[in-house]
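Enquirer: Letter by letter, the chains look like this.
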Amino acid sequence: MPDPILQTRGLNAHYGDFQALYDVELEVGEGEVLAIIGANGAGKTTLMRSITGLLTNGAAQIHYRGQDISRLRADEVAELGLAMVPEGRQLFPSLSVKENLMIGAQVGRAGPWDLKAVYDLFPILEERKDQASTSLSGGQQQMVAIGRALMANPDLILFDEISLGLAPIIIKDIYEALPGIIGEGMSAIIVEQDITKALSVSSRVYCLQEGRVSLESASETVSREDISRAYFGIE
Amino acid sequence: MEWLNAIVQGTLLGGLYALFAAGLSLIFGVMRLVNIAHGDLIVLAAYLGLTVTTATGMHPMAALVIVVPAMALIGYALQRGLLNQTLGDDILPPLLVTFGLSVIIQNGLLEVYTADPQTLNAGSLETASVAVGGVTLGILPLLTFGIAIAVIWGLQWTFYHTALGRAFRAVSDNQDIAQLMGLNRRHIFGLAMALALGVTAIAGILLGIRTSFDPSIGGGRLIFGFEAVIIGGLGNLWGTLIGGVILGVAQTIGAKIDPGWQVLAGHIAFLVILAVRPNGLFPRVSG
Amino acid sequence: MNLQDYSVSRSSKAARIAAILAAIGLLVLIAAPWWAGRADMRLMGELFLYLSLATLWNLMAGYAGLVSVGQQAYVGFGGYMLFALTMLGGLHPLVAIAAAGVLGALISIPVAVLIFRLRGAYFAIGTWVIAEVFRLSFAQISALGGGSGSSLPVAIVKSLASGRAMREALSYWLALGAAVLVVTAVYLFLRSRQGLALTAIRDNELAAGSLGIDIWRTKFIVYVVTSAFTAMIGALIFLQKLRISPDAAFSVNDWTAFVIFIVVIGGIGTIEGPIIGTLVFFALRETLADLGTTYLIVLGVVAIVVMLKAPKGIWGVIRSRYDLQLFPLGYRVKHIGQSKEN
Numbered sequence: 001m002p003d004p005i006l007q008t009r010g011l012n013a014h015y016g017d018f019q020a021l022y023d024v025e026l027e028v029g030e031g032e033v034l035a036i037i038g039a040n041g042a043g044k045t046t047l048m049r050s051i052t053g054l055l056t057n058g059a060a061q062i063h064y065r066g067q068d069i070s071r072l073r074a075d076e077v078a079e080l081g082l083a084m085v086p087e088g089r090q091l092f093p094s095l096s097v098k099e100n101l102m103i104g105a106q107v108g109r110a111g112p113w114d115l116k117a118v119y120d121l122f123p124i125l126e127e128r129k130d131q132a133s134t135s136l137s138g139g140q141q142q143m144v145a146i147g148r149a150l151m152a153n154p155d156l157i158l159f160d161e162i163s164l165g166l167a168p169i170i171i172k173d174i175y176e177a178l179p180g181i182i183g184e185g186m187s188a189i190i191v192e193q194d195i196t197k198a199l200s201v202s203s204r205v206y207c208l209q210e211g212r213v214s215l216e217s218a219s220e221t222v223s224r225e226d227i228s229r230a231y232f233g234i235e
Numbered sequence: 236m237e238w239l240n241a242i243v244q245g246t247l248l249g250g251l252y253a254l255f256a257a258g259l260s261l262i263f264g265v266m267r268l269v270n271i272a273h274g275d276l277i278v279l280a281a282y283l284g285l286t287v288t289t290a291t292g293m294h295p296m297a298a299l300v301i302v303v304p305a306m307a308l309i310g311y312a313l314q315r316g317l318l319n320q321t322l323g324d325d326i327l328p329p330l331l332v333t334f335g336l337s338v339i340i341q342n343g344l345l346e347v348y349t350a351d352p353q354t355l356n357a358g359s360l361e362t363a364s365v366a367v368g369g370v371t372l373g374i375l376p377l378l379t380f381g382i383a384i385a386v387i388w389g390l391q392w393t394f395y396h397t398a399l400g401r402a403f404r405a406v407s408d409n410q411d412i413a414q415l416m417g418l419n420r421r422h423i424f425g426l427a428m429a430l431a432l433g434v435t436a437i438a439g440i441l442l443g444i445r446t447s448f449d450p451s452i453g454g455g456r457l458i459f460g461f462e463a464v465i466i467g468g469l470g471n472l473w474g475t476l477i478g479g480v481i482l483g484v485a486q487t488i489g490a491k492i493d494p495g496w497q498v499l500a501g502h503i504a505f506l507v508i509l510a511v512r513p514n515g516l517f518p519r520v521s522g
Numbered sequence: 523m524n525l526q527d528y529s530v531s532r533s534s535k536a537a538r539i540a541a542i543l544a545a546i547g548l549l550v551l552i553a554a555p556w557w558a559g560r561a562d563m564r565l566m567g568e569l570f571l572y573l574s575l576a577t578l579w580n581l582m583a584g585y586a587g588l589v590s591v592g593q594q595a596y597v598g599f600g601g602y603m604l605f606a607l608t609m610l611g612g613l614h615p616l617v618a619i620a621a622a623g624v625l626g627a628l629i630s631i632p633v634a635v636l637i638f639r640l641r642g643a644y645f646a647i648g649t650w651v652i653a654e655v656f657r658l659s660f661a662q663i664s665a666l667g668g669g670s671g672s673s674l675p676v677a678i679v680k681s682l683a684s685g686r687a688m689r690e691a692l693s694y695w696l697a698l699g700a701a702v703l704v705v706t707a708v709y710l711f712l713r714s715r716q717g718l719a720l721t722a723i724r725d726n727e728l729a730a731g732s733l734g735i736d737i738w739r740t741k742f743i744v745y746v747v748t749s750a751f752t753a754m755i756g757a758l759i760f761l762q763k764l765r766i767s768p769d770a771a772f773s774v775n776d777w778t779a780f781v782i783f784i785v786v787i788g789g790i791g792t793i794e795g796p797i798i799g800t801l802v803f804f805a806l807r808e809t810l811a812d813l814g815t816t817y818l819i820v821l822g823v824v825a826i827v828v829m830l831k832a833p834k835g836i837w838g839v840i841r842s843r844y845d846l847q848l849f850p851l852g853y854r855v856k857h858i859g860q861s862k863e864n
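First to last, the sequence lines map onto chains A, B and C. Take 1 as the starting number for the first sequence in the working numbering and just add one per residue. Take 236 as the starting number for the second sequence in the working numbering and just add one per residue. Take 523 as the starting number for the third sequence in the working numbering and just add one per residue.
If a hint is listed, it holds; no wrong ones were tucked in.
Just some of the chain B residues that point at chain A, by a computed CB distance under 7 Å: (1) R404; (2) D408; (3) N409; (4) I412.
What the hints contain is simulated information worked out from the structure, not anything from laboratory work. Heads up, the beta-carbon is just placed ideally off N, CA and C, and yes, glycines get one too.
Sequences and hints are given; from them, build the entire structure.
Expert: Okay, here's the thing in structure tokens:
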């Protein structure tokens with residue numbers, strides 16, 4: 001197992017009085033694709049928000065390449081090379097398609113992804129580059145969101161529920177493109193409700209259930225029963 | 236003919252009001268903050284101009300070179316030091332804090348400069364005029380109007396053609412996701428306020444040349460800027476220019492009927508527009 | 523856990539004690555013309571009027587979410603109505619005060635229809651514009667002194683009471699009565715169903731709307747009622763001052779800045795807050811007012827610091843530390859059989 005690019009130790013997260021994550025321990029290896037599955041409200045998005053710095057946690061709970069990032073602001077975390085494709089796309093309505101992509105490059109990190117590379121990957125975006133991003137279809141918006149994250153040339157990219165609200169054929173296309181997107185050297189976390197898709201592109205999987213890790217396994221070998229038990233919390 | 240003259244003068248006056256309003260509009264657009272101290276900051280800029288011109292003997296327009304960066308710096312510090320803490324879902328903190336700020340600035344100016352009316356001496360610029368048709372156009376009002384157009388054009392250009400403008404729009408759309416893009420929202424807000432106060436500085440200097448000023452007139456300037464924004468429609472800078480013009484024309488026509496009615500006529504025009512077009516004439520966002 | 527072990531009540535021991543103390547205090551205050559000097563009575567009268575204004579502003583801003591920086595419109599309006607109705611209409615001052623309230627309510631209706639089109643801070647500035655319109659309009663009325671104002675004629679002053687001591691006592695009792703009336707009315711209103719609706723709106727407007735509470739109408743009623751009472755207080759204020767002018771009647775500093783300061787420092791959104799705030803404000807004024815502009819700068823700084831560090835004001839701090847509520851508005855759950863309340 002290569003050295004972990006991301007590691008959480010005893011990660012707790014609260015919204016006011018409500019605790020959403022309990023002692024979550026997980027690891028993402030360099031160049032690995034990790035899947036995180038779980039029901040609604042299990043804590044998947046809270047976990048993503050904690051990792052990216054949108055939610056502040058106690059000290060020493062999240063390490064990125066050995067550095068404690070628990071207390072960093074989201075923009076500081078982004079500069080270290082983490083990018084996220086947020087749940088629900090969350091494109092900037094005031095920005096055109098092209099501007100959404102360009103703002104992804106705001107961190108100014110060097111790498112293979114630039115406007116041309118994103119247009120090569122998703123040609124439809126070049127056709128619509130000056131349109132308001134919100135005038136695109138769901139699938140196209142997802143492409144913009146993915147492109148926006150890639151423009152940051154991240155070392156670790158987080159995909160938060162990218163199949164949500166999309167037609168099956170679009171989901172199929174995106175997941176077929178995913179291995180090419182993640183490419184060599186990039187690490188990824190894929191948060192999904194679509195378990196089959198998540199397992200198909202990942203090497204390992206964690207399952208969250210009511211804020212706790214209920215399963216950790218290799219994606220290839222995990223059984224349906226194990227997943228059902230872990231997903232629903234049935235003993 | 237005299238009515239035409241009044242309309243022309245009112246239109247040019249609208250340029251000054253648009254400058255009052257531009258900073259207000261920018262800040263509301265980027266961070267949904269309405270700064271009650273905005274008018275007092277315009278007056279502060281005029282007083283800074285006064286200090287600079289009396290200390291150096293510069294022409295007030297030349298003093299812009301010092302006053303604009305100074306006010307921009309003040310804006311950045313103000314935003315990061317104080318106003319960023321008030322931002323959030325509750326409308327009370329920014330309102331009450333900027334109200335307190337208004338009281339502090341007004342009385343601070345009173346302490347330092349006293350209540351005596353002051354004016355910025357711009358020499359021949361104040362009275363120079365040119366005759367066009369049958370109408371006499373003052374050079375200063377023409378210049379002010381031209382500057383207003385240039386400033387608004389510049390702000391639009393910044394918003395839609397620069398990385399900074401992209402950042403402003405992104406942060407205003409979605410603070411969280413903007414941060415994921417590596418944008419430090421506290422810094423961005425600081426820059427927005429710096430830009431707004433830079434514009435305010437220009438407004439203040441032009442105000443100071445045009446009329447006499449004292450620490451108490453801030454509230455009135457805030458109201459004029461606010462009225463121009465509402466008449467023009469929220470979120471639209473060119474609309475704000477038109478709003479300023481409508482306000483200016485209403486005021487000069489009112490003054491023509493009776494000099495004591497100038498300001499009241501403007502308020503009434505504002506209320507009428509509020510009654511029939513609550514979102515203003517060219518709205519882009521809802522308040 | 524057995525439900526019979528718990529009781530739900532409105533008041534606490536502290537509230538009951540406070541009520542008794544308040545009743546005693548009220549008797550002492552009523553007797554003031556017999557134990558207090560003229561200057562002290564004037565000061566207390568002013569205090570009661572500011573307390574009334576603050577309680578009213580707090581109802582609008584702290585409960586209905588309508589932050590106005592233009593209540594001076596109604597203070598001045600009430601004052602001018604007093605002068606107009608007595609000088610030009612021949613009404614007795616006390617009748618004029620009541621009429622000022624009614625007229626204040628009437629004029630606030632079209633005003634509300636207009637400015638309710640604005641939200642948040644824009645609403646606030648809108649209220650300021652209205653106040654300016656009032657000020658500029660009244661300055662045009664020469665029968666009331668135009669721009670320089672007028673004094674209340676001696677005959678009208680004497681119609682209140684023939685002796686000066688009696689007049690001053692009457693002024694004082696009117697102010698005290700107004701404060702008691704306003705605080706009681708606000709307290710009872712907040713305990714009522716409309717009041718509950720208001721608190722729901724304050725806490726979560728979206729949720730309140732989904733419960734079927736008509737938000738616009740509730741806010742509208744609060745605005746009209748507050749303006750009516752504010753106008754009456756304005757009439758009382760200028761009955762005390764005996765002289766009115768547009769700048770004094772519609773002064774932002776006197777009738778808005780100070781009132782906001784009182785409510786913010788005391789504790790916005792509570793009934794106890796304005797009471798504490800008024801006491802603090804007057805204590806500060808008596809000690810610092812000689813410093814002129816510095817005093818106002820200090821006020822501004824204190825207001826900002828309180829807003830940022832202790833947004834619930836002095837009473838908010840006390841309430842959370844000691845779980846105290848002197849004007850019982852919530853409900854308390856008590857475990858019967860235990861010696862302590864929780």
